[in-house]
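J.: Heads up: the sequence lines are chains X and L, in that order.
Just so we're aligned, residue 1 is where the first sequence starts under the numbering used here, counting upward by one.
Just so we're aligned, residue 1 is where the second sequence starts under the numbering used here, counting upward by one.
FYI, nobody ran anything at the bench for these hints, they're computed from the structure.
Computed from a prediction, not measured in an experiment: that's the story for all the values here.
Hints may contain errors.
Some chain X residues near chain L, calculated using beta-carbon distances under 8 Å [to be verified]:
| id | residue |
| --- | --- |
| 1 | 29 |
| 2 | 36 |
| 3 | 128 |
| 4 | 152 |
| 5 | 234 |
The following label-pair restraints were derived from C-beta to C-beta distances [stated by the list, open to error]:
| id | chain 1 | residue 1 | chain 2 | residue 2 | range |
| --- | --- | --- | --- | --- | --- |
| 6 | L | 253 | X | 17 | 36 to 44 Å |
| 7 | L | 211 | X | 286 | 49 to 57 Å |
| 8 | L | 14 | X | 108 | 22 to 30 Å |
| 9 | X | 98 | L | 108 | 21 to 29 Å |
| 10 | X | 178 | L | 3 | 55 to 63 Å |
| 11 | X | 178 | L | 21 | 53 to 61 Å |
| 12 | X | 4 | L | 45 | 32 to 40 Å |
| 13 | L | 135 | X | 4 | 42 to 50 Å |
| 14 | X | 176 | L | 14 | 36 to 44 Å |
| 15 | X | 286 | L | 45 | 44 to 52 Å |
| 16 | X | 169 | L | 66 | 24 to 32 Å |
| 17 | X | 43 | L | 253 | 33 to 41 Å |
Below, in silico cross-link-like pairs of lysine-lysine (DSS-like), each with a Cα-Cα straight-line distance of 25 Å or less [claimed, not checked]:
| id | chain 1 | residue 1 | chain 2 | residue 2 |
| --- | --- | --- | --- | --- |
| 18 | X | 32 | L | 254 |
| 19 | X | 32 | L | 171 |
| 20 | L | 21 | X | 181 |
| 21 | X | 21 | X | 32 |
| 22 | X | 105 | L | 67 |
| 23 | L | 254 | L | 100 |
| 24 | L | 287 | X | 32 |
| 25 | X | 171 | X | 254 |
| 26 | L | 135 | X | 135 |
| 27 | L | 32 | L | 100 |
| 28 | X | 133 | L | 133 |
| 29 | L | 32 | L | 21 |
| 30 | L | 135 | X | 133 |
| 31 | L | 181 | L | 133 |
| 32 | L | 100 | X | 32 |
| 33 | X | 47 | X | 181 |
| 34 | L | 172 | L | 221 |
| 35 | L | 173 | X | 105 |
| 36 | L | 32 | X | 172 |
| 37 | X | 221 | L | 32 |
| 38 | L | 287 | L | 67 |
| 39 | L | 287 | L | 47 |
| 40 | L | 67 | X | 173 |
From the three backbone atoms N, C-alpha and C, an ideal C-beta is built for every residue, glycine too.
Read off the chains here:
There are 2 protein chains.
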Amino acid sequence: MSATLDAYMTSRGALVDAELKVLLRGRSEEPKAIVAAMSYSIFAGGKRLRPVLVMAAAECCGLNPRKAVKTACALEMIHTYSLIHDDLPAMDDDDLRRGKPTNHKVFGEAMAILAGDGLLTYAFEAAAVNAAKLKLSGRATAELMKVIARGAGVQGMVGGQVADLEAEGWKKKNHGFNPKKALEYIHLHKTAALITASLEAGAILAGAAPDRLRRLRAYGKAIGLAFQIADDVLDVIGDKKKLGKRGSDAQNDKLTYARLYGIADSRAMAAALIAEGRCALKPFGAKARPLHDLANYIITREK
Amino acid sequence: MSATLDAYMTSRGALVDAELKVLLRGRSEEPKAIVAAMSYSIFAGGKRLRPVLVMAAAECCGLNPRKAVKTACALEMIHTYSLIHDDLPAMDDDDLRRGKPTNHKVFGEAMAILAGDGLLTYAFEAAAVNAAKLKLSGRATAELMKVIARGAGVQGMVGGQVADLEAEGWKKKNHGFNPKKALEYIHLHKTAALITASLEAGAILAGAAPDRLRRLRAYGKAIGLAFQIADDVLDVIGDKKKLGKRGSDAQNDKLTYARLYGIADSRAMAAALIAEGRCALKPFGAKARPLHDLANYIITREK
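Okay, chain X solo, but in the shape it has when bound (with noise of 0.2 Å):
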């Protein structure tokens, strides 16, 4: 990472982490325990990439980021929530995630569910707690949860998950299952969308217009993509202390963009969906300095 996003991407992660430590800091009539599954993953060594899009987007767009960082949380939270669920032995049964124990073999299966459960559904609270501060008009803060319902849902992130779930077992399939064709919407669902909402998120916090909320729904397609190739290559030829995971994908035998175009063809078209997504920022000028920075930190990153 250069020392400018490296500085940006921790000053922004410290506002990020100052403000998850106030919504988290559990009130009276929350059970305790519950508080605290959410707190294990929500401080578990995020690298903060969508609320820091959030704010980045909301900056582009015109808006003091300090004023999209309950919103750049309820991202996080999504994003947490989602780990836990994927996590759980019904799922890919991980017992470990950025070199921690994940969260139900810290407090078993039921509260992991629930701690998810809670994560999601308070996401939706700290965005909408936001757009009032913000005094967004109705449709602007209707809009602003639909963005996030649809990138998290059956329509982007659990549909991604779903079609995952699917694809196991795709050497199997039979003449219909195209493993290219499944593997990008996985890709786009599963990782893409909620990144692209993130953004949308910033935009419409900032009152952006339509023609900039479309270029940063590109940039956020492209990029998530491209990041989500890149974690393939990463998962076969990266360190896998760095990685903080086992190499889990080549044991499952997962449908990879490795596996499919092998390592040279896979950078290769990471590559051209970052030019692709940077080009899409060009009305922004200098404000979309970050997000830039950040496009190519996906392709040349190590963990």
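Based on the hints, put chain L in the right spot on chain X.
T.: Using the frame of chain X, we list chain L on its own:
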């Protein structure tokens, strides 16, 4: 159920079912399997109590109930997601719900978790679409989202579920554990919170004044708690076949009103709560007829 209430529930239920069919018709981007899993539990014969409350509250406050139907569906989706997750092996481990195999028994655990996640997320989208259609102000739209999220989340239903988990094996708890207090917390949060949120959501859609909202909240809290007390009683004395599930509370050694207070006292408490809830409806006059009928039904129902 009185003939009047029966006719009312049937006509309102039909509106809800028709709209749920539209909402869950499945779009090209959505994997068919998840739409099937979500639909299975949504159309598994629920009483539609929460959506009917949304529409009845809207009507009480002067809105055509048909204009609240998408939000009514949102509350039913949240209720259904909670049942799917509650039935999971890691939670209550139930094989039957309303006489039918539970979601995970039909679709597998992974899909059941995702179907719940999908319904919860979709609920916020449906409510946002409803708010936009009614051209609610930003403030009212945000308030609608907050009320639903709080009723469903850690401060509400999820919190109640956690307290319920924590109370397991309550007979072996140490001196600090107060079973009566714990049980009231569980019922108020696990059941009353979402019932109250349903009423508030309907009132917000109708642009109700704060005093009206407060009164509907009081009614919701009272009938929600009464509903659960009646459920505890039914679980002991009710015809198991009518309930469509095993009498699992006794087997699991769960905290129930019937066990802590006995059948007679539990019934008296439920009746007192119903009277209290109906009292709060006074200023609504004849418009609150269905809410009065529903309150009476809660303590006289046999399933």
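J.: With the threshold set at 25 Å, check whether the alpha-carbon distance from residue 32 (chain L) to residue 172 (chain X) stays at or below it.
T.: 20 Å, holds
J.: Would the pair residue 32 (chain X) and residue 171 (chain L) pass a check requiring their Cα atoms to be no farther apart than 25 Å?
T.: 21 Å, holds
J.: Between residue 43 (chain X) and residue 253 (chain L), does the beta-carbon spacing fit 33 to 41 Å?
T.: The hint (33 to 41 Å, Cβ to Cβ) holds, given that residue 43 (chain X) and residue 253 (chain L) are roughly 35 Å apart.
J.: At the C-beta level, are residue 286 (chain X) and residue 45 (chain L) separated by a distance inside 44 to 52 Å?
T.: 59 Å, violated
J.: Decide if the proposed pair is consistent with the structure: residue 105 (chain X) and residue 67 (chain L), CA atoms, cutoff 25 Å inclusive.
T.: Roughly 45 Å between the alpha carbons, so the hint for residue 105 (chain X) and residue 67 (chain L) is violated.
J.: Go through the hint on residue 152 (chain X) and say holds or violated, using the shortest Cβ distance to chain L against 8 Å.
T.: Since the shortest Cβ distance to chain L is 5 Å, the answer is holds.
J.: Given the hinted pair residue 287 (chain L) and residue 67 (chain L), is their alpha-carbon gap at most 25 Å?
T.: Holds, because 17 Å separates the two Cα atoms, which is no more than 25 Å.
J.: Hey, residue 287 (chain L) versus residue 47 (chain L), does the alpha-carbon distance stay inside 25 Å?
T.: 22 Å, holds
J.: Is the straight-line distance between the alpha-carbon of residue 67 (chain L) and that of residue 173 (chain X) 25 Å or less?
T.: 46 Å, violated
J.: Taking only the CA atoms, is the gap from residue 135 (chain L) to residue 133 (chain X) under or equal to 25 Å?
T.: Judged against 25 Å, a Cα distance of about 19 Å means the pair holds.
J.: Falls inside 49 to 57 Å, the C-beta gap from residue 211 (chain L) to residue 286 (chain X)?
T.: 53 Å, holds
J.: For the pair we were handed, residue 32 (chain L) and residue 21 (chain L), check the Cα-Cα distance against 25 Å.
T.: Given pair residue 32 (chain L), residue 21 (chain L) holds - Cα atoms ~14 Å apart, limit 25 Å.
Hints 2, 5, 8, 11, 12, 15, 16, 20, 22, 24, 31, 32, 33, 34 and 40 from the list above are not met by this structure, while the remaining hints are.
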